[in-house]
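Chemist: Below, each chain spelled out in residue letters.
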Amino acid sequence: MSAERSRLERLLEQGHFAVTGEVGPPQGAGAEGIRHHTALLKGVTDGQNLTDNQTAIVRLSSIAAAVHVLAAGGEPIIQMTCRDRNRIAIQSDLLGAYSLGARNLLCLTGDHQSFGNHAAARNVFDLDSVQLVKLARDLGEPGVFQNGEAIAVEHRARFFVGAAENPFAEPFAFRVRRLAKKVAAGARFIQTQAIFDLPRFARWMEMVRDAGLDRETYILGGICPAKSFGALRHMSTVPGMVVPEPLLARMKGVERKKQAEEGVKIAVEAIQELRRTPGVAGVHIMAIMWEEMVPRIVEEAGLLPRPA
Amino acid sequence: MIVCERKPLPAILENLAGRRQAVIAGCSECVTVCHAGGEKEVALLRDLLLLARPDLELSTIVLTRQCDGEFLEALDSLAGEADCLISMACGVGAQFLAERYPRTWVFPAVDTRFGGGARQPGVWEERCGFCGDCVLHLTGGICPIIRCSKSLLNGPCGGSQQGKCEIDQAIECAWQKIHDRLEGLGRLDLLDVVLPPKDWSRARDGGPRKLVREDVAL
Chain D
0 MSAERSRLER
10 LLEQGHFAVT
20 GEVGPPQGAG
30 AEGIRHHTAL
40 LKGVTDGQNL
50 TDNQTAIVRL
60 SSIAAAVHVL
70 AAGGEPIIQM
80 TCRDRNRIAI
90 QSDLLGAYSL
100 GARNLLCLTG
110 DHQSFGNHAA
120 ARNVFDLDSV
130 QLVKLARDLG
140 EPGVFQNGEA
150 IAVEHRARFF
160 VGAAENPFAE
170 PFAFRVRRLA
180 KKVAAGARFI
190 QTQAIFDLPR
200 FARWMEMVRD
210 AGLDRETYIL
220 GGICPAKSFG
230 ALRHMSTVPG
240 MVVPEPLLAR
250 MKGVERKKQA
260 EEGVKIAVEA
270 IQELRRTPGV
280 AGVHIMAIMW
290 EEMVPRIVEE
300 AGLLPRPA
Chain C
0 MIVCERKPLP
10 AILENLAGRR
20 QAVIAGCSEC
30 VTVCHAGGEK
40 EVALLRDLLL
50 LARPDLELST
60 IVLTRQCDGE
70 FLEALDSLAG
80 EADCLISMAC
90 GVGAQFLAER
100 YPRTWVFPAV
110 DTRFGGGARQ
120 PGVWEERCGF
130 CGDCVLHLTG
140 GICPIIRCSK
150 SLLNGPCGGS
160 QQGKCEIDQA
170 IECAWQKIHD
180 RLEGLGRLDL
190 LDVVLPPKDW
200 SRARDGGPRK
210 LVREDVAL
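Respectively, the protein sequence lines represent chains D and C. According to numbering that gives the first Met the number 0, the residues represented by the first sequence are 0 to 307, in order. According to numbering that gives the first Met the number 0, the residues represented by the second sequence are 0 to 217, in order.
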């Protein structure tokens, strides 16, 4: 029988600086990779995100992946986007995910399908991410479907609902107002886009604190370790990501064989900076295709052992 | 207006394979204004088709409006003898022809692209998604349904940078524009309201739409 409550939620409520990680489901029907990555991450992170057809590339479903993570002893955070499902499918899938033991949910708009490998697909966007947060929250409390119909008390889906925010997108001044909408809609935790531009993140956090939002939601700063200069440069071209020039130059100046080491160092430094930042409740480490480095990064950041 | 674009000539010729005779029907409304299917374009298409297929017998006509039954009568005599009709109006016009002439093949010579307007000569931009429930009063006169690539109602996604949409640098982020305009109007407060999920039943999701107005009915 699955726990009634999310473990991640409990740890955040207890005031632990949380660490979450990410497991990218495979482009195929095999679950070995998910089990392998869960084994790598479960002892060093408090939750593992399962991406939902990230960058609009067809992958094993995030909900099915969450079942594998649970079986392997992990704490899944399912991601749900608005791109591929309308409100009927979203609610149905969320009820199913909860029935299978998933307790954490990250609500996202979703990358446009033009980035992926099925660019001719029709998109849905029946809801946006703010509306999705509210819908997900409502499935638990007050326990109603999007249309207002009640769900039996014993069959409500009480997810720990979160959302994403990107402090590096624009209009900059509006990002915090939009965050406030997500919090008002019911987002209890926030995972941010990967942070490379620490001063800009600090300015954003200041605005978040001024709005009092750090007291209403748990903010987990995004960390994306870069394996090489090429990887870092690629990230700088992803829409909504900002990698400052000095950081690119720093990585470029390191000899190729040692760039992975430098990537770890940059990630650890960023985590330490975030730990010092008032209002930051944790970090979300997105080391896709580099999952084996997460234990070391968490350890070097001084975040081990993880609380029970 | 309904913005249309002529199909490539090979696609039109393909539809004429095995046919000897056709009527090219233009329209004096939107397709005239957007240079896709007015008098000039009808004459040009005739010439191009004859260059490729000198054996064709082509007649031409430009109707006042193909999307209005009362103006189709002008086509009746030509259509009666025609092997097929090539409509240079939007998809509405082509369908009105198909409905009026049940035994005659009707082919579209244009693709109906979107509801939009001319920004400058030769440049048309989409402005309306025909959702049936206008929200422009909430968004400073800029439509998030059709101008945001994800039809978001509560602000920009994480891909908005330097005023551009994540899917293409040539597309302006609608939400940046909405934000800037409301800021200029001193109404940024409108953006703090969480807009509920839209009722899409007034859009095409509700099934084919029909509007009946008794005040103008005969």
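Simulated from the structure, these hints should not be mistaken for lab results. One thing to keep in mind: the hints can contain errors.
[As the list claims (entries may be wrong)] Here are the computed lysine to aspartate or glutamate pairs in the DMTMM-like style, where the Cα-Cα straight-line distance is at most 25 Å: (1) K197(C) - E260(D); (2) K197(C) - E148(D); (3) K41(D) - D83(D); (4) K176(C) - D82(C).
[Unchecked claim] Negatives, chain C to chain D, calculated, CB over 10 Å: (5) L49; (6) F113; (7) G205.
Using N, Cα and C, we set each Cβ at its ideal position, and we do this for glycine too.
Chemist: Give a verdict on every hint.
Modeler: Here is what the structure says about each hint:
1. K197(C) - E260(D): Not satisfied, since the Cα-Cα distance of roughly 49 Å exceeds 25 Å.
2. K197(C) - E148(D): holds, 17 Å
3. K41(D) - D83(D): Not OK: K41(D) and D83(D) at ~29 Å, beyond 25 Å, violated.
4. K176(C) - D82(C): Distance ~50 Å between K176(C) and D82(C) Cα, so the pair is violated.
5. L49: Nearest chain D Cβ is 35 Å from L49(C), so the label holds.
6. F113: holds, 16 Å
7. G205: About 13 Å separates G205(C) from the closest Cβ of chain D, which puts it past 10 Å; holds.
Hint compliance for this structure: hints 1, 3, 4 are not met, and every other hint is.
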